[in-house]
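Peer 1: Here is how the chains run, residue by residue.
Protein chains: 2
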Amino acid sequence: MKSVGLITEYNPFHNGHLFHATLSKQRSETNVTIAIMSGNFVMRGEPAIYHKFKRTEMALSAVDLVVELPLIGSLSSSDTFAEIAIKTAQYLDIDIISFGSESASLKDLQYLATQMIDYEKHPDFKEKLKQGKSYPRILSELTHNDTLLQSPNNILGISYLKAMQQFAPHMSALTIKREGSLHHQKVIDHHHFASGTSIRRSLMNDNVDWKNVVPNQIQSLYCKPHTTVEDTFPFIKHQLITQPKESLHSIYTINEGFENRLQTMIHRSDSFESLLSNLNTKRYTQTYIQRVLMNVLLNITKDDVNKEINAVRVLGMSEKGRSYLKYLKANYPNRHYITNVNQKTAHYFKNEIKATHVYNLLSNQSQTDFNTPLVRI
Amino acid sequence: MKSVGLITEYNPFHNGHLFHATLSKQRSETNVTIAIMSGNFVMRGEPAIYHKFKRTEMALSAVDLVVELPLIGSLSSSDTFAEIAIKTAQYLDIDIISFGSESASLKDLQYLATQMIDYEKHPDFKEKLKQGKSYPRILSELTHNDTLLQSPNNILGISYLKAMQQFAPHMSALTIKREGSLHHQKVIDHHHFASGTSIRRSLMNDNVDWKNVVPNQIQSLYCKPHTTVEDTFPFIKHQLITQPKESLHSIYTINEGFENRLQTMIHRSDSFESLLSNLNTKRYTQTYIQRVLMNVLLNITKDDVNKEINAVRVLGMSEKGRSYLKYLKANYPNRHYITNVNQKTAHYFKNEIKATHVYNLLSNQSQTDFNTPLVRI
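Residue numbers (full-length UniProt numbering), protein chains in the order written: chain A, 1 to 377; chain B, 1 to 377.
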């Protein structure tokens with residue numbers, strides 16, 4: 001069975017995702033479509049607007065199998081996000097990764113990926129890192145401001161391609177053009193497509209524009225967001241007040257004394273938004289800061305980080321997904337494809353289970369990894 | 001200057017406290033009255049209904065000097081509470097401790113205190129502790145159910161007397177009769193006196209009964225409680241979900257694997273009240289459990305515990321209190337009587353400062369140890 005993998009967040013699922021999934025199937029000429037989806041927290045450094053179980057249901061309108069991207073992936077910068085996603089794809093024996101990019105030229109992106117693997121070995125690169133420059137800035141300096149590197153989906157695509165070269169050399173890639181300008185748009189101004197940001201805003205504000213830009217047959221799944229990032233603030237404040245510096249220092253992604261800045265700024269902040277603006281410096285991107293705060297919220301320490309895949313959490317599947325899972329289990333009897341979490345399998349997913357408990361605390365939801373059955377359609 | 005010390009919580013201050021302070025002054029024939037008062041968290045294992053600054057203002061209607069009982073004292077069982085309170089009194093050169101008791105016979109209580117110091121050295125005592133019996137139960141067995149030990153203020157008084165024998169042999173004691181039956185009454189049914197419980201309830205429910213039982217001249221200080229113990233629940237739940245077992249194990253007062261019970265029961269609980277009832281066993285008293293939960297909330301670890309007094313935090317004073325402080329500073333130039341907390345003195349009060357920050361998070365108050373001047377009348 002030939003399979004195509006999509007690395008996704010579906011926060012929430014919309015027509016752009018449907019379009020990408022449909023084209024990916026056609027162009028890859030594969031039988032099975034697999035989404036590797038972020039769980040309850042997303043790469044922007046926020047809780048997802050709906051929990052992963054609902055987002056799985058949405059996803060199954062377009063794909064055959066939904067597995068959870070390990071939490072560490074979702075709360076890392078693009079290279080680690082890509083590494084963990086590609087290793088997950090490898091574990092699932094995926095043949096082709098299909099990703100959206102502004103460029104849509106696989107050749108150009110491949111060329112940059114190869115170049116960047118070289119750049120990163122260069123002494124200049126390490127020197128600039130030491131000087132406190134951000135990773136995207138260094139790359140754009142080293143590549144003489146290559147315009148390809150000014151588009152977020154190109155950057156992520158290049159990270160996938162780098163990870164594939166390093167960790168999954170037999171996997172192939174496919175890229176589908178997406179409109180960069182859409183990505184950060186604040187309001188819905190297109191008849192069929194809109195950015196995640198504008199859709200989340202529409203759902204939050206109870207305005208019905210979102211109805212035009214999500215697939216008809218799953219509209220009943222959409223409701224007011226389960227939670228927003230502001231709900232995290234009291235808990236983050238509590239952590240920053242009560243944890244000693246050494247504990248904060250051990251939190252994943254905190255480095256260079258950022259814990260000091262956190263403990264100073266928390267006393268001047270009375271909302272997530274004000275904390276972000278107090279923490280803002282040239283040195284760090286907003287998403288870096290948000291991911292740090294989510295790692296604080298979830299108490300993810302450097303010791304909790306494992307970039308290897310020892311098991312994959314299956315969140316949902318269609319009939320075709322079920323056949324594919326059978327095929328995987330037959331071919332890789334020593335791998336762990338887990339469709340239900342229980343006392344025996346929970347140890348593989350400690351971070352994800354914790355994230356679900358915290359998500360429920362934020363959102364007053366009650367579906368846990370233990371009490372929620374595999375989603376099937 | 002001869003001084004009398006009152007070990008108090010004033011949660012909130014009421015006529016019973018005024019009565020006790022007045023009689024203490026008369027009977028001790030002293031010039032200065034000093035309250036050693038719990039800060040923002042009280043021995044019942046709860047946040048106080050008003051922050052310590054407001055409670056200091058209330059207290060100064062009856063006493064000359066208000067100092068803060070170190071947080072560790074407030075969140076410990078009666079022996080450690082008493083030890084830290086008596087050591088604080090010693091640091092303040094207090095001559096006489098005056099406490100309320102149901103018995104009112106200093107001789108009887110002294111006799112029991114001496115007996116109990118002996119009992120605690122007895123192998124039987126340690127054996128019973130190992131069997132998992134609670135401290136009050138063992139004592140009542142060893143003293144053949146002495147009726148004196150069935151009244152909470154007698155027990156606390158005996159703890160003071162024991163601590164004085166051990167740590168402040170030159171300090172003397174005075175006890176004033178209080179009506180035991182009042183202590184836990186739920187409603188106000190007396191014209192002038194009522195229990196703290198019934199007064200807190202009246203304030204919470206916006207019923208005006210409390211007005212009859214607090215001193216007239218300070219009634220304007222009373223308002224709806226700043227917070228209740230239920231406000232702590234989301235934060236405690238968050239801690240119990242996100243902290244690994246080893247971290248919980250290091251929390252002060254947690255022992256014998258109580259961390260396991262906490263992590264199991266938190267998932268079955270959706271309020272502080274339900275958590276308490278889920279945690280309830282014969283082995284532990286409710287106040288023990290509540291104090292454990294406050295130590296979790298404040299992240300007070302075993303390493304944060306210091307039973308020695310290296311400085312005393314002065315919260316408020318009258319003119320007479322000011323003279324006494326002058327006298328202390330002249331006589332003990334190496335001791336630290338701190339009237340304002342700043343970067344230089346903050347290290348003495350790490351636990352108390354943290355408790356204030358958490359109290360403010362719970363209650364939406366904004367008076368910190370740094371921005372609140374000494375209360376003076």
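Please keep in mind that the hints were generated in silico from the structure rather than gathered at the bench. Predicted model only: the values in this text are computed from it and were never measured. Worth double-checking, as some hints may not be accurate.
To be verified - Chain B is faced by these chain A residues, among others (derived, beta-carbon under 8 Å):
1. Pro-234
2. Phe-235
3. His-238
4. Leu-298
Unchecked claim - Taking CB as the label site, the calculated pair distances span:
5. A:Ser-274 x B:Cys-223: 25 to 31 Å
6. B:Gly-257 x A:Asn-31: 47 to 53 Å
7. A:Glu-256 x B:His-267: 33 to 39 Å
Glycine included, every Cβ here is placed at the ideal spot set by N, Cα and C.
Peer 1: Against chain B, is A:Pro-234 within 8 Å by beta-carbon distance?
Peer 2: At 7 Å from the nearest chain B Cβ, A:Pro-234 passes the 8 Å test, so the hint holds.
Peer 1: Does 33 to 39 Å hold as the CB distance between A:Glu-256 and B:His-267, or does it fail?
Peer 2: Given a distance of about 37 Å, which is inside 33 to 39 Å, the answer is holds.
Peer 1: So, as I understand it, the hint says A:His-238 touches chain B; can you test that by seeing if any CB pair is closer than 8 Å?
Peer 2: Interface hint status for A:His-238: holds (5 Å vs cutoff 8 Å).
Peer 1: I want to verify a distance hint. Is the separation of the beta carbons of B:Gly-257 and A:Asn-31 within 47 to 53 Å?
Peer 2: 52 Å, holds
Peer 1: Holds or violated: is there a CB of chain B closer than 8 Å to the CB of A:Phe-235?
Peer 2: It holds, given that the least Cβ distance between A:Phe-235 and chain B is near 5 Å, below 8 Å.
Peer 1: Grab the minimum C-beta distance from A:Leu-298 to chain B and call the hint holds if it beats 8 Å, violated otherwise.
Peer 2: Holds - the Cβ of A:Leu-298 comes within 8 Å of chain B, reaching about 6 Å at its closest.
Peer 1: Quick one: are A:Ser-274 and B:Cys-223 within 25 to 31 Å, going by C-beta?
Peer 2: Distance hint for A:Ser-274, B:Cys-223 holds at roughly 27 Å.
In the structure shown, no violation is registered for any of the earlier numbered hints.
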